[in-house]
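**Student:** Sequence:
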Amino acid sequence: MHSYHLMKKTDILCFLLFSSIIVLESCKNRQQEEIGTLIPNWDYAHDFYLKNIIATDAYLDSLGQVSIRSAQAKDYFIKARRAFKRAEPYASYLNPEVGHRANGPALPVFVEDTERVMEPLGLQKIEESIYEAEENQAVVDRELHLTRGLINVL
1 MHSYHLMKKT DILCFLLFSS IIVLESCKNR QQEEIGTLIP NWDYAHDFYL KNIIATDAYL
61 DSLGQVSIRS AQAKDYFIKA RRAFKRAEPY ASYLNPEVGH RANGPALPVF VEDTERVMEP
121 LGLQKIEESI YEAEENQAVV DRELHLTRGL INVL
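Numbering-wise, the sequence shown is residues 1 to 154 according to the numbering used here.
Source of the hints: derived by calculation from the structure; they are not laboratory data. Hints are not guaranteed to be accurate.
BS3-like, lysine-lysine: derived pairs with alpha carbons at most 25 Å apart [claimed, not checked]:
| hint | residue 1 | residue 2 |
| --- | --- | --- |
| 1 | 51 | 79 |
| 2 | 74 | 51 |
| 3 | 85 | 51 |
| 4 | 74 | 85 |
Listed next, with one range per pair, are the computed distances between beta-carbon atoms [to be verified]:
| hint | residue 1 | residue 2 | range |
| --- | --- | --- | --- |
| 5 | 139 | 96 | 21 to 29 Å |
| 6 | 93 | 128 | 25 to 33 Å |
| 7 | 67 | 113 | 36 to 44 Å |
| 8 | 152 | 39 | 40 to 48 Å |
| 9 | 136 | 43 | 41 to 49 Å |
| 10 | 113 | 40 | 36 to 44 Å |
| 11 | 40 | 118 | 21 to 29 Å |
| 12 | 92 | 133 | 24 to 32 Å |
| 13 | 39 | 105 | 16 to 24 Å |
In this text, a Cβ means the ideal position worked out from N, Cα and C, and glycines have one as well.
Please model the complete structure; the sequences and the hints are all you need to start from.
**Tutor:** Right under this line is the structure:
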């Protein structure tokens, strides 16, 4: 009778162990399902950001094809600025240094480690060049080239 009683305890322990594993796995699967529904889908934000960064680059490219004194130049610049403004929150989050340089103030930047002064560039500098008409086409073309480089990094 004693061996029968031990066998029964063994069966009960196996049953409890097996039941515990099933319950734990069930809870684990349920947690994974719940977590899976909480993970946001960033595809829309990603597509919106890329669309506007690409549009900014395209408008800056078009701006480089016309005279800075033309009405078209102002139109392309406005479109580039609008497209960048839509992407700027993401750009500033993803790469703050480059995002700030692409649309930061048109002021020289002192680089401490090299003790050099970098000339202003970016959309605000291009805006000054177009609307104040103090720069020649070659200078603006260089500003456009460098700014497009920043936009492509973003």
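**Student:** None of the hints should be skipped; say for each whether it holds.
**Tutor:** Quick rundown of the hints versus the structure:
{"no.": "1", "hint": "51 with 79", "in the structure": "holds (13 Å)"}
{"no.": "2", "hint": "74 with 51", "in the structure": "holds (21 Å)"}
{"no.": "3", "hint": "85 with 51", "in the structure": "holds (12 Å)"}
{"no.": "4", "hint": "74 with 85", "in the structure": "holds (16 Å)"}
{"no.": "5", "hint": "139 with 96: 21 to 29 Å", "in the structure": "holds (27 Å)"}
{"no.": "6", "hint": "93 with 128: 25 to 33 Å", "in the structure": "holds (27 Å)"}
{"no.": "7", "hint": "67 with 113: 36 to 44 Å", "in the structure": "holds (39 Å)"}
{"no.": "8", "hint": "152 with 39: 40 to 48 Å", "in the structure": "violated (30 Å)"}
{"no.": "9", "hint": "136 with 43: 41 to 49 Å", "in the structure": "holds (44 Å)"}
{"no.": "10", "hint": "113 with 40: 36 to 44 Å", "in the structure": "holds (38 Å)"}
{"no.": "11", "hint": "40 with 118: 21 to 29 Å", "in the structure": "violated (38 Å)"}
{"no.": "12", "hint": "92 with 133: 24 to 32 Å", "in the structure": "holds (30 Å)"}
{"no.": "13", "hint": "39 with 105: 16 to 24 Å", "in the structure": "violated (38 Å)"}
Hints 8, 11, 13 from the earlier list are contradicted by this structure; the remaining hints agree with it.
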